[in-house]
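**Student:** So you can see what is in the structure, the chains are spelled out below.
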Amino acid sequence: MKQITVGIDCGSAACKGVLIKEDSILAVCVKPTGWNPKETARTVFQELLEQTETAEHEIRVAATGYGRVGIDFAHKKITEITCHASGADYLLKGVRTIIDIGGQDSKVISVENGKVLSFQMNDKCAAGTGRFLEMSAHRMGVDLSDFPKLLTEGKRCSLSSMCAVFADSEIVSLLAAGKTREEIAGGIIQSVVTKVMALAGRVGTESPILLTGGLAQMEGIRKELEFQTGCPVNVSQFSRYAGAIGAALKA
Amino acid sequence: MIEMKKELPLVFDSFADARKNGFLAVKKIKDSGKGVVGQFCTYTPLEIFMAAGLVSVSLCSTSDETIPDAEKDLPGNLCPLIKSSYGFAVTDKCPYMYFADLVVGETTCDGKVKMYELLAKKKNLHILQLPRNQFTPESKALWRSEIVRLKERVEKDFGVTITDDMLRDAIHKRNEERRLLKELYELSTLCPPPITGLRQLQILFGSQFKFDWKEKTEEIQNAINQIKSGYDAGERPVSIDAPRILITGCPMGGVTEKVVKVIEEAGGVVVAYENCTGAKQMDRQCLEEGDPITNIADHYLQIGCSIMTPNPSRFELLGRLCEQFKVNGVVEMTLQACHTYAVESHTVKKFLEERNIPYLQLETDYGTADIGQLSTRAGAFVEML
Chain A
1 MKQITVGIDC GSAACKGVLI KEDSILAVCV KPTGWNPKET ARTVFQELLE QTETAEHEIR
61 VAATGYGRVG IDFAHKKITE ITCHASGADY LLKGVRTIID IGGQDSKVIS VENGKVLSFQ
121 MNDKCAAGTG RFLEMSAHRM GVDLSDFPKL LTEGKRCSLS SMCAVFADSE IVSLLAAGKT
181 REEIAGGIIQ SVVTKVMALA GRVGTESPIL LTGGLAQMEG IRKELEFQTG CPVNVSQFSR
241 YAGAIGAALK A
Chain B
1 MIEMKKELPL VFDSFADARK NGFLAVKKIK DSGKGVVGQF CTYTPLEIFM AAGLVSVSLC
61 STSDETIPDA EKDLPGNLCP LIKSSYGFAV TDKCPYMYFA DLVVGETTCD GKVKMYELLA
121 KKKNLHILQL PRNQFTPESK ALWRSEIVRL KERVEKDFGV TITDDMLRDA IHKRNEERRL
181 LKELYELSTL CPPPITGLRQ LQILFGSQFK FDWKEKTEEI QNAINQIKSG YDAGERPVSI
241 DAPRILITGC PMGGVTEKVV KVIEEAGGVV VAYENCTGAK QMDRQCLEEG DPITNIADHY
301 LQIGCSIMTP NPSRFELLGR LCEQFKVNGV VEMTLQACHT YAVESHTVKK FLEERNIPYL
361 QLETDYGTAD IGQLSTRAGA FVEML
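For the protein sequence lines, the chains are A and B, in the order given. Numbering of the first sequence is given in this note's numbering, commencing with residue 1 and proceeding in unit increments. Numbering of the second sequence is given in this note's numbering, commencing with residue 1 and proceeding in unit increments.
Isolated chain A (complex conformation):
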């Protein structure tokens, strides 16, 4: 019998878990990380076990993401960069570039055969991350989940601030100046993608490209990335689980 493995990717915003058997994903689970990453990871793990009716002792676990340090039931701890590379190659065989927009990090990873060649992460700054998008959405009175509804083809205004805090006050001024929420939403997406492109410029982007992370399903981001890279940008239904899948494969 082939080993059953679990990968837990405990990020700053969400904790993702994947259970894999014989190279097939049998179960996935995601929960907001909340204030106690250790407990959340445990809950995600239990749920994967229940979904598949598996006993804990049959399983090898690998943890990744910022919360990995506290996950004491993991047999292995691996950084999310290595995990994303292997998980992305699982989702899109032969992938060469991964663009991951996470809660507090955004990163661009150059890969070959699932192995990291080089990578760039954002510096100590929230610009270009999911948190920035979330803050901006709240400033306009919508939840992150409703934010995509504001995105309208061709509507955008430019945001000059690269800093999340300054951008926040810039949004206030733009709203006061009568810009519509749709225009500002377009501007925010453009700003996030521009920041990510600065990282991509240092690594170099080669096709195929896979978008991962919690914002991967946001069509507006994918389109803007295609526009700015000039290449097709792929998304998988399991994109946000890429790190967890990689961890499970390496457990």
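None of these hints come from the bench; they were simulated from the model. The model shown is predicted, which means the values in this text are computed figures rather than measured ones. Any given hint could be a false lead.
To be verified - Derived, one-sided and incomplete: chain B residues facing chain A with beta-carbon distance under 7 Å:
1. T376
2. G379
3. A380
4. E383
5. M384
Claimed, not checked - Within a straight-line C-alpha distance of at most 25 Å, the following computed DMTMM-like cross-link-like pairs (lysine to aspartate or glutamate) qualify:
6. B/K349 / A/E206
7. A/K38 / B/D370
8. A/K76 / B/E383
9. B/K349 / A/D123
10. A/K77 / B/E257
11. B/K173 / B/D291
12. A/K250 / B/E383
13. A/K38 / B/E383
14. A/K77 / B/E383
15. B/K350 / A/E206
16. A/K115 / B/E383
Positions of the beta carbon are idealized from the N, C-alpha and C atoms, including for glycine.
Assemble the complex: chain A is given as a structure, and chain B must be docked to it using the hints.
**Tutor:** For chain B alone, coordinates are given in the frame of chain A:
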């Protein structure tokens, strides 16, 4: 002649014991009648002070403790080394800064140059005009004349005469010290290395704060013997599988040990330092025959700091160390707002790409808030090697 400072600072009583002991140790040197010279930079020719019988000590601070005080005068977006050093000067919290009778700086980076102008209001300061080119006859002549001017300043301030023979003796002693420290760090060419990168850094950094030449050289020799005999007896503090990392970039020590720690906690080992704490100052010997002033000038001018343009010495050393230490990857540590190293990191990246050596740049400051981010980056880098 200047009056030497021997009294403890007014804030002395508020200090913790470790700091009090630091002050008392320097006060003992002062009470013995020796003058103290503080310097910031590897370009400072320590032979001049040694020849004059003075104690010299590095004033580059490595903690964020005094940065808020420094930011009363200096901008926030400035290199933490500059802010911290200035902060210790204005708060009287560093015994070396406090007791330094003369502080010597060079026209290296823009941040330091302008900070020195402010520091001059607080300390007896001498600035060496360092050219940014190492090869033209004009640069060499300027730098030689600056060494002469420093010698004259020291003679005047401390009421001493420095002869050529005294300088030759100092060159010889400093060469011995360089040779020993080089022998020590070259132990890490072994596979696996006999010491961790953290221990190597702590020995190299610590050697800057030993003031008796004889004691210092004996201590280094003892450390070498101890490490060698441990290794021969089968001690292996580092795994043979640990990827071998060279660190390049800004000076290290104190809080920036965090960079070494995250690399070694991730399973790598730092084998060499191409920076001012490591090989940059120990790699070469100063010529002993001939005119000592010219030898000193030529020796120091060849240091490959990113303030030089172009800066071939750095790349010659970097390439050579990568081969000698059989390096698997290079990590560059740049301090926040260090423009010259940050810009030159692009050239370093290209240089290493041509040699198929993986490279990671980590920018950091003197805080500890970025440990998580540093360990993810360093961890991923070690995993990919």
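**Student:** Out of the numbered hints, which ones does the structure contradict?
**Tutor:** Of the numbered hints given earlier, the structure breaks none, since each of them holds.
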